[in-house]
Amino acid sequence: MLSRVADSIYWMSRYVERAENLARFVDVTFNMMLDLPPGSAGQWQPLVSATGEHEWFDEYYGEPTQENVVRFLTFDPEYPNSILCCLQAARENARSVRETISSEMWEDLNSFYLLVMDAASSSDSLQSLQDFYSEVRNASYRFKGIADGTMPHGEPWHFARLGRYLERADKTSRILDVKYFLLLPDLSDVGTSFDDLQWSAVLRSVGGLEMFRKRHHGITPERVVGFLILDRMFPRSIMYCVNEADQSLHAISGSPLGTFWNAAEKRMGKLRSELAYAHVDDDIIEVGLHEFLDALQTKLNGIGEAIYETFIAADATKGNGGRTQMQSQGFM
Amino acid sequence: MSQSPTSRLDFGTYDTAEFFDELVDESGQPRPGAELLIEKLSSLEFDELLRRQAGAERSLFRLGITFAVYGDTKGKEKIFPFDIIPRIVPAHEWEWLERGLKQRIRALNLFIDDIYHDQKILNDGIIPRDIVLGAASYRQLCQGMNPPRGVWCHITGTDLIRDADGQIHVLEDNLRCPSGVSYVLQNRLVMKRSFPQIFADSHVKPVVDYPGQLLNTLVHLAPDGLPNPTVVVLSPGSFNSAYYEHSFLAQQMGVELVQGSDLVVHDGFVNMRTTAGLKRVDVIYRRIDDDFLDPEAFRPESLLGVPGLMAVYRAGRVALANAPGTGIADDKVIYTYVDKIVRYYLDEDMIIPNVPTYMCWEKKQREYVLQNLDQLVVKAANESGGYGMLIGPHSTAAEQEQFAGLIKANPRNYIAQPTLSLSRVPTIVGDHVEGRHVEGRHVDLRPYILYGKDIFVLPGGLTRVALKKGSLVVNSSQGGGSKDTWVIEQS
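Those protein sequence lines, which keep their order, are chains X and B.
The first sequence begins at 63 in our numbering and counts up one residue at a time.
The second sequence begins at 8 in our numbering and counts up one residue at a time.
None of these hints come from the bench; they were simulated from the model.
C-beta atoms are modelled at their ideal positions from N, C-alpha and C, and glycine is treated no differently.
None of the hints are false.
What follows is a list of derived Cβ distance ranges for each label pair:
1) X:L319 x B:P234: 32 to 38 Å
2) B:D216 x X:D193: 41 to 47 Å
3) B:E52 x X:S184: 29 to 35 Å
Okay, the calculated bits of chain B under chain X, using three or more residues with CB under 8 Å as the criterion:
4) 250-259
5) 264-271
6) 279-289
Computed list of chain X residues with no C-beta within reach of chain B, every gap over 10 Å:
7) P108
8) E284
9) G288
Based on the provided sequences and hints, a complete structural model is requested.
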């Protein structure tokens, strides 16, 4: 398939996944605020920190109030990773590969985009905003389902999966990082119901609370961390995402699993085995969760770059320039 | 016709004014072929008709069938307005049109081939040499080129109009990159959903096989001995106004849609960059103008094209559709010679007449044009899409002054035609304030012709409709919309 097309499909899929994750983060924070005692402000700040754009935010918005943060992450036309901009970017990418994706996918993504555009232009209440976030989540599920059901499971489909799972792994790691960073320093909270509330919010934001309860019952930080990073069954854990992405990568190049023919496969394989042989206490908590996640994100970015170099920018001749530009890795 | 929601359309009170209406005659009686449609339309409550119109618009919006308007910064895309009352072409008239179009394309193709080889038609003095060799669309570079199977214009869209007396004329030939065929196919899809019953009973000739016919035409061009040639559609990219069509056609044919940057000339062949390295390309359906195809051959600053493409083409290692150089045959001055061209190459009378045309490079005709600018339509010889045009009766004195200046400065570049009373079709117009109702709106018709092994004319074509009251400009860039075109099978 054309390198440009592969690139667009990969990013189309990443941006949809990114929008879904944003919707989850904001929605869960809404919910958590309702359970907290009055006066416990400050829960919106972490969302801004997670974007890595707090300076920009401070300049244009100032205080991280609910209203400001919600507008920033959801409808800001200037912030390139707002839900609105993600959908614009996903649709722009899809538009440039309409002949490769199925008509059903295009129609669905177009409706998804119109849904967000409509919401952005209406002044809605908090209640309908929460409905909006669940619509965004459902639209993302639907898009993935339509892709799986209407696209041949060949190379383009695997590029879409690759984009989705790398994005998801990155987002799971970021939400964990932010919460952990904010939670742990205040030792007086450890083991309190406030602490529990926060950890269940983390789990809920990745849709994992029910699955976690079935598996581990009681919440402890170690169990949550282990679940979100190393669980092999939970579809939003980092291990799961890396496994899936690795399979698609090998399906694209045709090399056997566990071997590598290119830099992308090499980096992905190394990360996969590192996770496969990691233990939550010895290899994560011991090193420091933040340090571990920081290194992980660097590795994920490295994989993204290697994919670009291997499949998109690779060039047998000098050619005429005009290559596809690498799109925004983004923080959130 | 004014309407209350529950009333029905009454074609007895429909005002055709002094125009020819495609569906009903002056007394409100359906024309041949339109009987069934008029009967069904008259039996629907007006509200129901509006509901179906709204449903059709929703489908088009959801399908994302949009185009970009140059110079409009507000939104990059618009829906091409669509009206659900179709235009009908009766079988006998279509049969005549089809013959006329085939004749015209055959003759124009021979003309192009002659111009880029022996120039017999110039040597015999049928057309003044300067007119052809001085045309902006003449490509010196194409001299002596031999496109595969001797065909230059593989895909043509010919604009037809009908005057008040009912006579159909050719208004313009489009032999470069005619667009709009995707709307024909999508309009049909939407119409089948909007009027399944009427459609089923009307025996409308299908258009659905166009992508298949187009693919056959393209495969036919592949260099000899290639069992499985690689065909691609070359687009300027997603910011082009016709991008939707490029991707639609590629998708329907099941071939890759490429941009200039996806292609590279390597080892004497054209290749596309894939995730598995370079892959050879054999046939390019290019939707990029000649000028931008190859910066080494034409405009050096073009970023849309492929450096070295023309050299590969000349060596016969890749086919281009349409061939570069075809623009010479749709120059609006050459247009006035098409009857002579048909007679010269085919020894036949031209079947579909042209619109009478004044050539400004001739002194007498120029003087007439300059004196009658308020009556005439003036067009630049090398423009399309409704740009560079003066519609005399709808123009201001200042605009006429401006065109007088342009004509005097470059008479070769301008032609003028009488302002035609384009035929009309009943159309849903008005808004919530003034009330929705049905009125006649002016239309043209663009059939699509494919020239491969044989010549194929897609039954119907794009009916463009000027939605503004009294307007004669049907171009999508100037506020036009479209209608489905039903060629009725002989029953």
